[in-house]
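Q: Please model the complete structure; the sequences and the hints are all you need to start from.
Residue numbers (this note's numbering), protein chains in the order written: chain A, 90 to 429; chain B, 90 to 429; chain C, 30 to 653; chain D, 30 to 653.
I should point out that these hints are in silico values taken from the structure, not numbers from a laboratory.
Nothing here was measured: the structure is a model prediction, and the numbers come from that model.
Treat the hints with care, since some could be wrong.
To be verified - Across the chosen pairs, the derived CB separations fall in these ranges:
{"id": "1", "chain 1": "B", "residue 1": "Asn323", "chain 2": "A", "residue 2": "Val269", "range": "43 to 49 Å"}
{"id": "2", "chain 1": "D", "residue 1": "Phe231", "chain 2": "B", "residue 2": "Asn323", "range": "54 to 60 Å"}
{"id": "3", "chain 1": "A", "residue 1": "His377", "chain 2": "B", "residue 2": "Arg236", "range": "40 to 46 Å"}
{"id": "4", "chain 1": "A", "residue 1": "Leu305", "chain 2": "B", "residue 2": "Asn297", "range": "56 to 62 Å"}
{"id": "5", "chain 1": "B", "residue 1": "Gln98", "chain 2": "A", "residue 2": "Gly302", "range": "54 to 60 Å"}
{"id": "6", "chain 1": "A", "residue 1": "Glu380", "chain 2": "B", "residue 2": "Asn323", "range": "20 to 26 Å"}
Ideal Cβ placement from N, Cα and C applies to all residues, glycine included.
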Amino acid sequence: MCADTATVQLKAKDFGSDQDVRWCPGCGDYAILSQVKKVLSTLGVSRENTVFVSGIGCSSRFPYYMNTYGFHSIHGRAPAVATGVKVANPELDVWVVTGDGDALSIGGNHFLHAIRRNLNINILLFNNRIYGLTKGQYSPTSPFGKRTKSSPFGSVDYPLYPLSVAIGAEATFVARTIDVNVKHLAYVLERAARHKGISFVEIYQNCNIFNDGSFLYATGKDTKNDTTLYLEDNKPLVFGGDTKKGIRLNGMNPEIVELGGDVTEDDLLFHDEKLAEPSLAYLLSRMHHPEFPEPMGVFRCVERPTYEGMLVQQIDDAKKSDADASLERLFNGGDTWDVK
Amino acid sequence: MCADTATVQLKAKDFGSDQDVRWCPGCGDYAILSQVKKVLSTLGVSRENTVFVSGIGCSSRFPYYMNTYGFHSIHGRAPAVATGVKVANPELDVWVVTGDGDALSIGGNHFLHAIRRNLNINILLFNNRIYGLTKGQYSPTSPFGKRTKSSPFGSVDYPLYPLSVAIGAEATFVARTIDVNVKHLAYVLERAARHKGISFVEIYQNCNIFNDGSFLYATGKDTKNDTTLYLEDNKPLVFGGDTKKGIRLNGMNPEIVELGGDVTEDDLLFHDEKLAEPSLAYLLSRMHHPEFPEPMGVFRCVERPTYEGMLVQQIDDAKKSDADASLERLFNGGDTWDVK
Amino acid sequence: MVVSTQTKNAGQRQVKVVGLESTIVRFCGDSGDGMQLAGTQLTNTSAIFGNDVSTLPDFPSEIRAPVGTLAGVSGFQLAFGSKKLRTPGDQVDVLVAMNPAALKTNIEDLNADGTLIVNEDAFTGGNLAKAGYENNPLETGELDKYHVFRIPIDKLNTEACKDSGLTGRTVGRCKNFFALGVVYWLYGRPMEPTLDWISAKFGTKPAVAEANTKTLKAGYYYGETTEIFTVQYTVAPAKIEAGRYRKLTGNEAMALGLIAAAKLANKSLFYGTYPITPASDILHELARHKNYDVRTFQAEDEIAAMASVVGAAFAGAFAATGTSGPGLALKSEAIGLGIMTELPMVIINVQRGGPSTGLPTKTEQADLGQAIWGRNGEAPMCVLAPQSPGDCFDIAIEAFRIAVDYMTPVMVLSDGYLANGAEPWKIPDVSSLPKLTATHPQAGNDFHPYQRDAKLARPWAIPGTTGLQHRIGGLEKSDIIGDVCYDPKNHEHMIRTRREKIDKIAESIPPLEVFGETTGELLLLGWGGTYGAITAAVENAQAKGLSVSSAHLRHLDPMPKNTGEVLSRFKKVLIPELNMGQLLMLIRAHFLVDAIGFNKIQGKPFMICEIENKIEEILGNKPR
Amino acid sequence: MVVSTQTKNAGQRQVKVVGLESTIVRFCGDSGDGMQLAGTQLTNTSAIFGNDVSTLPDFPSEIRAPVGTLAGVSGFQLAFGSKKLRTPGDQVDVLVAMNPAALKTNIEDLNADGTLIVNEDAFTGGNLAKAGYENNPLETGELDKYHVFRIPIDKLNTEACKDSGLTGRTVGRCKNFFALGVVYWLYGRPMEPTLDWISAKFGTKPAVAEANTKTLKAGYYYGETTEIFTVQYTVAPAKIEAGRYRKLTGNEAMALGLIAAAKLANKSLFYGTYPITPASDILHELARHKNYDVRTFQAEDEIAAMASVVGAAFAGAFAATGTSGPGLALKSEAIGLGIMTELPMVIINVQRGGPSTGLPTKTEQADLGQAIWGRNGEAPMCVLAPQSPGDCFDIAIEAFRIAVDYMTPVMVLSDGYLANGAEPWKIPDVSSLPKLTATHPQAGNDFHPYQRDAKLARPWAIPGTTGLQHRIGGLEKSDIIGDVCYDPKNHEHMIRTRREKIDKIAESIPPLEVFGETTGELLLLGWGGTYGAITAAVENAQAKGLSVSSAHLRHLDPMPKNTGEVLSRFKKVLIPELNMGQLLMLIRAHFLVDAIGFNKIQGKPFMICEIENKIEEILGNKPR
Ligand SMILES: Cc1ncc(C[n+]2csc(CCOP(=O)(O)OP(=O)(O)O)c2C)c(N)n1
Ligand SMILES: Cc1ncc(C[n+]2csc(CCOP(=O)(O)OP(=O)(O)O)c2C)c(N)n1
Ligand code: SF4
Ligand code: SF4
Ligand SMILES: [Mg+2]
Ligand SMILES: [Mg+2]
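A: Dropping the structure here:
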């Protein structure tokens with residue numbers, strides 16, 4: 090995705106627009122915004138070749154705050170709008186910013202298909218497990234039993250897990266990070282940007298108005314070491330702070346083991362982002378709190394020709410094999426006859 | 090799903106309607122139709138409590154041929170129509186019949202959500218890897234590079250694998266079968282019907298007009314033993330006819346091994362439909378021809394309370410805790426005042 | 030209008046007491062300042078006191094814009110009076126502004142000699158800058174034409190709550206009640222209803238209850254004792270029909286109407302929807318009433334919501350959905366399926382500002398064309414529109430009556446103004462409600478799914494009924510039999526029959542009534558949420574002796590049978606709409622009447638005076 | 030019309046040769062019988078011969094219904110003549126029926142003294158039963174009013190191919206060419222064009238080529254030698270404008286027009302779509318021309334297709350989509366986004382029978398209301414309609430001209446009749462095509478995304494342009510600046526400006542032309558695919574001396590500026606439409622003209638005689 094076309098390296102703040110940022114004070118979206126700007130600066134991309142496309146939701150106001158090209162489209166359709174942008178001009182760096190409702194509820198279909206086509210764009214899903222903009226109904230990622238305005242007796246919908254869905258839809262790059270861990274956020278965003286093909290990033294984002302503390306387990310000082318596991322490529326799956334723990338495979342099931350004594354790191358499951366088949370990534374995506382620590386980082390990163398790349402390749406090939414694509418030729422194709 | 094309400098056991102033909110069946114001669118849909126009728130007869134269900142809902146496509150004409158209640162709805166929306174039917178009357182046995190385009194292209198979103206909610210219905214996806222009714226464009230399950238009317242230079246869309254998508258969306262029952270293997274078809278349909286919760290069945294179906302021979306590898310006498318693997322619960326994964334072969338796990342990757350010599354069945358991967366976590370089912374769904382034999386049968390079958398069950402439960406509970414739900418009470422709720 | 034003046038002792042001093050026929054108050058402040066609550070309390074108190082009331086909340090478009098910014102301003106306007114109030118009023122008599130941003134965005138609406146109460150503590154440099162004031166408007170003299178009362182509300186509130194033991198932030202949240210207390214004194218309202226509310230609401234948090242109580246009283250006594258207030262107002266109770274009342278917003282009324290309709294027919298209510306402003310509150314209200322067998326389904330999108338409603342109707346439920354403009358656009362295709370399958374269902378569209386995402390929290394009436402034409406093919410459907418918040422209740426029942434009697438989808442066009450606005454609702458006697466009956470055929474010899482009765486309705490045969498198995502769908506159906514049918518003549522017959530059925534609904538609806546004389550110079554024809562403003566304007570103009578009447582369409586397709594005849598009795602027809610002339614277009618086409626459009630597309634309801642001015646522009650302001 | 034009669038020697042016998050001005054032939058048979066191919070060959074041969082031609086295929090609705098059933102019948106009708114042909118004709122002169130089902134579904138359309146050629150081998154008990162015949166109609170005398178020619182086509186075809194070495198099934202597939210041969214003889218057509226086609230098509234399969242050649246010739250010689258035929262017809266070449274011609278269906282013409290528009294402006298064409306009958310062939314045609322930088326995107330659904338078009342337009346491509354009614358319904362919301370963001374794009378809607386899934390393979394004009402009103406809010410958009418298959422080419426270019434000049438989505442309403450119908454298309458000189466220019470601003474001091482030019486178009490600034498970064502979206506925009514804006518006055522201004530911009534397009538379109546005298550008793554006003562039938566009917570009525578003219582709208586919103594004026598010059602206005610009166614509604618509303626509707630909703634185009642009869646019903650059949 091990343092292009093080093095800018096002649097002067099821009100600073101993070103150069104990527105900010107003149108618009109007042111209108112999220113609730115304390116919203117997790119702020120941290121994400123500032124890391125995105127920082128990463129764009131690190132990548133050395135230009136503002137004019139960068140396009141942010143969003144749907145509708147709190148998160149989807151994102152493009153207004155970027156001094157790049159931006160499209161605040163309609164609810165759920167950002168991946169489809171982005172497909173048009175990218176196919177029309179594959180040179181552009183295209184980012185989709187979406188929410189859990191926008192991407193997985195109304196936008197589920199476009200999400201699936203943008204992913205399976207391996208369009209070379211980055212999709213950032215701000216998962217706050219709630220519909221923020223419409224003032225707090227449960228979303229497809231809200232936990233079972235969640236009480237909200239629209240589910241006063243508790244929701245009876247089982248949640249979807251964005252990473253599992255993405256992996257089920259043939260994603261080539263899949264990652265997870267969290268708003269408050271800004272370093273990791275920046276790292277994951279940069280990895281996503283550098284991946285050629287679809288890059289899907291789920292970002293745990295706190296909505297302090299309608300779903301405050303939803304990710305407290307993963308951010309709280311006391312708990313985070315036991316509830317999150319930071320993935321490193323080709324490294325064993327370890328977590329837990331002082332008492333080091335790890336994940337071992339038992340048949341097809343992961344299990345938590347304490348390191349030390351009989352168990353060494355070699356017994357653990359090793360991460361491998363580049364496995365051709367996504368079964369490991371899928372298995373990792375199934376590790377949920379509270380049963381397991383939730384993996385953070387890059388689950389999967391494999392190469393595959395991109396959709397718009399192949400589409401344009403076919404055009405280039407067709408042009409090459411037929412240099413004179415004149416309208417005359419086109420009109421005179423097929424059976425013709427002359428009238429005198 | 091299955092209910093033994095019929096007083097007299099109906100025969101397969103009793104489930105046929107008076108309509109002429111209008112598929113192309115030789116279409117795989119015929120075999121599926123007759124097995125569905127047979128299975129309904131086996132289950133002993135009644136016609137009046139059975140509802141078939143479909144979208145649009147060749148396959149979606151299915152309801153016309155059943156002497157049950159039927160709804161030939163609009164393209165892609167059958168799962169949503171079925172949700173309304175089932176929530177309005179959970180006593181009904183509801184079947185959704187859909188195609189690869191209907192379910193996974195335009196209907197992808199409803200497919201995802203009906204599955205994740207664990208609505209107690211059966212979804213039969215007739216996968217012919219083509220848009221039949223609109224005369225032969227590639228579908229989301231068409232192989233990469235497929236040449237069709239809309240992709241004369243070969244499609245650049247990577248296919249979706251229906252089972253992987255369904256598993257990514259939290260399906261509780263997932264199976265695959267094939268039109269010509271009528272015994273297996275009947276077996277799988279019956280299993281699907283008996284499962285309480287969402288039952289998703291992918292049926293390989295030959296479209297002899299627009300995509301003839303798409304599944305020849307899996308049906309041809311010479312090839313089928315090597316290209317398909319029939320799953321049995323708690324049994325090792327074996328296939329291959331005379332030279333027995335099996336699937337062994339190498340880390341997270343399946344590999345084909347020949348049985349005999351060093352390798353015994355105990356070394357093989359054992360199937361387990363009931364694993365709480367779907368990682369095994371997912372891994373099986375990744376085995377594609379020609380690299381692997383394609384598993385047939387039940388991939389996953391686990392119990393979980395159903396959507397409409399819980400929804401109605403909440404209503405029953407609410408009613409119980411408030412027996413006098415009169416309109417007077419409703420109207421007089423909230424702050425009231427009297428004017429004299 | 031001043032109706033009396035007298036003097037009374039207030040504390041140690043004398044104040045003038047002015048009796049008013051009605052008055053308009055608006056609270057405004059930051060989203061976090063609790064303005065909606067203050068407004069609601071004054072509304073309830075006034076209603077209980079016996080006034081007629083009408084309210085209009087005005088939410089900011091952003092969830093919670095930064096504190097103190099223009100985008101974060103939230104307002105709540107109410108009118109209360111001793112006469113019938115048809116709208117929450119045009120210009121405001123008393124404006125309470127909790128910060129500079131609130132002042133800036135609302136001051137335009139204050140009457141020239143109106144009362145302005147400001148929280149002067151909030152007029153700090155930072156807040157002024159955020160509101161875009163270069164100089165403090167309290168100092169520049171620009172507010173001189175108003176009666177300005179600068180009150181250090183922050184300080185006085187803090188003082189009042191100082192022994193509460195609450196944090197500064199929590200104390201800060203009580204200041205709306207200080208402002209409310211001041212207004213209560215200003216209008217001589219009793220504090221009891223609010224005190225009762227406080228103790229009910231904060232029963233488990235006695236410190237909060239006490240703080241709110243203290244600051245409310247402090248505000249009240251501040252009015253009573255401070256010399257700055259020299260006038261107090263009274264608004265006598267209205268002559269209102271006797272009975273038990275309750276305040277309802279349009280959305281609440283709609284929800285109750287849906288529940289009532291299902292219950293009256295002994296059916297379960299299925300409500301499939303996807304949240305969208307300003308329709309979501311219908312879902313929220315319905316979801317609370319599960320004990321009434323209300324089955325709410327929060328779908329993955331509007332398409333699924335609509336399709337689920339079609340499915341639920343097929344299965345025999347009273348099925349409804351609610352949405353707003355963009356959602357309705359998405360439902361178009363599935364609504365067509367409902368029309369082709371001729372199943373009963375109710376589709377509520379709470380209109381908001383468009384096109385596209387438009388102005389999501391603002392009101393508009395620009396979806397009438399979409400309601401009537403927004404589907405492929407000839408897809409006629411009955412379209413209704415409620416005319417006031419309370420009428421949403423009746424229209425919901427009317428919609429289901431038509432849907433079930435005629436076996437057809439029915440669209441209800443509400444709008445943001447009706448949805449969020451509230452008015453007192455006289456709780457009806459259940460026995461006075463329409464009788465709704467849904468009948469389902471049982472097996473017999475001659476069941477045919479597309480055989481029609483006198484109303485042209487087909488039978489509602491539902492799954493589970495022995496022997497009536499049949500198949501329906503979106504392809505054209507053969508007459509009577511209901512099989513798929515491509516026959517050209519049959520298609521024409523079915524197309525015409527579907528239209529005829531909708532037209533026949535007119536036989537079951539009341540004639541269009543004229544407000545005022547039934548013949549004259551000018552008729553104002555309206556529909557939907559503009560009823561109050563139009564009627565009030567016409568009433569005023571009539572009082573001036575102008576030859577003007579009005580009529581209001583609750584049924585838009587089909588229209589009442591006498592519509593053309595009513596129009597023909599007036600020399601001119603004026604159609605005020607919050608759009609570019611959509612009813613206008615229908616009226617011109619149907620009746621070839623050279624009606625004139627009066628169009629406002631500002632995301633806001635009509636002001637009474639705007640319509641009055643327009644009437645005078647047309648008729649001159651001299652009585653005939 | 031017979032224009033000459035003579036006698037000639039045919040083989041060993043004498044036959045009468047009747048010269049005709051024009052003639053109508055229909056081939057019908059089972060879907061598998063190759064009727065489309067036979068029809069196409071006769072069309073091509075006639076066109077090359079110099080006739081004017083017009084064609085109409087009639088597909089069965091099911092993919093491939095069981096052989097021999099009514100549902101499986103496929104037909105292909107063509108007219109060819111020595112005069113201008115405006116439609117494929119009403120009643121058929123020669124009907125070729127390959128089986129009883131085909132006979133049953135088509136015999137009604139045969140002229141009373143028409144020629145019927147039947148494949149008598151197919152009239153077996155089984156086939157008769159499938160067609161619902163109790164008795165063999167060839168025996169009952171019910172066909173006596175026609176000239177019936179019973180030919181054992183199956184046998185004769187098998188005989189002709191007997192040495193081919195092909196399987197029986199493959200041989201059976203050749204029988205359409207036997208029938209074609211017979212028809213070729215009947216009209217004295219040369220076999221060469223078809224023989225050439227056979228060798229080009231089956232070059233790699235010489236056995237198949239030979240079989241087809243042999244059976245074609247066998248058919249021809251059967252006509253020549255058998256005594257049963259006593260009359261042969263000739264149809265002289267037409268006086269047609271000189272030039273090179275090619276036969277195009279409306280869908281093909283549309284595809285070429287889209288490519289041409291993009292190429293003329295030096296742009297890539299983006300076509301995002303989802304397959305749907307009868308629009309899919311546009312995609313199929315476009316997908317073949319990748320060398321013209323045509324980027325086709327087969328989306329997951331219509332919503333994605335439309336959204337991708339909005340994205341591609343934003344990124345600077347010439348972006349278009351095509352669909353049919355139900356798909357258009359789904360696109361509604363995203364079209365609104367295109368309107369709010371004021372980006373250029375073309376939306377083609379190939380109308381089919383509705384509502385809902387309706388009659389998917391049949392034609393209708395019932396989406397005009399949807400095109401104009403089918404979106405939330407005030408969402409005006411330019412709407413065009415081609416009037417003939419060839420006009421689809423011109424209208425595609427016109428649509429892009431307007432879209433780019435005015436920065437607006439443009440809707441094109443084609444229909445199933447135009448889409449599948451074909452006519453000779455005079456290949457245009459590229460230099461004669463309209464000049465299209467798309468300009469994109471470059472960085473300067475004063476770029477504002479919503480600053481307008483004289484046409485009220487905003488600048489098309491595209492991503493990749495340094496310094497012009499900006500953000501657009503579906504929320505209301507501030508005038509000029511283009512930021513999100515909730516200001517009431519701004520909203521009204523923008524709503525009115527968007528409407529005004531569309532109205533301004535009228536300044537760039539030609540006035541409405543009248544066919545016939547420009548004043549008189551009756552004007553027929555039409556739009557879209559009914560052009561041919563209306564014009565032919567009016568021509569005939571004029572020839573009878575009736576005071577009738579016609580005018581045809583290619584631009585429906587805005588209409589040509591002189592539309593009202595044209596209407597006012599006629600005493601009566603008749604609006605024939607394949608719907609319930611949608612243009613009628615617009616005309617009545619806009620111009621308060623008491624126009625009369627003439628409506629047919631049978632999934633079929635108008636017959637010329639139907640319109641002629643209607644004219645006479647209104648005017649009487651006596652010349653003035
Ligand atoms: C067609 C349509 N339906 C519904 C809505 C209302 N709506 C706007 S945003 C939203 C959900 C937002 O949730 P999410 O995507 O999680 O974003 P968040 O606000 O939480 O960031 C909904 C239901 C809409 N704008 N358009
Ligand atoms: C809204 C809408 N879009 C498009 C279509 C056209 N259409 C009908 S069926 C179909 C695809 C059918 O493919 P599939 O679901 O695989 O079913 P099959 O015919 O192969 O059984 C399409 C594109 C339609 N009927 N409605
Ligand atoms: S509502 Fe929640 S997600 Fe939206 S801006 Fe506020 S804190 Fe953020
Ligand atoms: S087109 Fe294919 S899928 Fe459709 S009926 Fe024919 S064979 Fe079956
Ligand atoms: Mg969210
Ligand atoms: Mg298919």
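Q: Taking the hints in turn, state whether each one holds.
A: Status of the hints after comparison with the structure:
Under the hint 43 to 49 Å, the C-beta atoms of B/Asn323 and A/Val269, about 45 Å apart, fit the expected range. With their beta carbons about 57 Å apart, D/Phe231 and B/Asn323 fall inside the hinted range of 54 to 60 Å. At about 43 Å, the CB distance of A/His377 to B/Arg236 agrees with the hint of 40 to 46 Å. Between A/Leu305 and B/Asn297 the CB atoms are about 58 Å apart, so this pair conforms to the stated range of 56 to 62 Å.
Checked against the hint of 54 to 60 Å, the C-beta distance between B/Gln98 and A/Gly302 comes to roughly 57 Å, which is consistent with it. As the Cβ distance of A/Glu380 to B/Asn323 is approximately 24 Å, the hint placing it in 20 to 26 Å holds.
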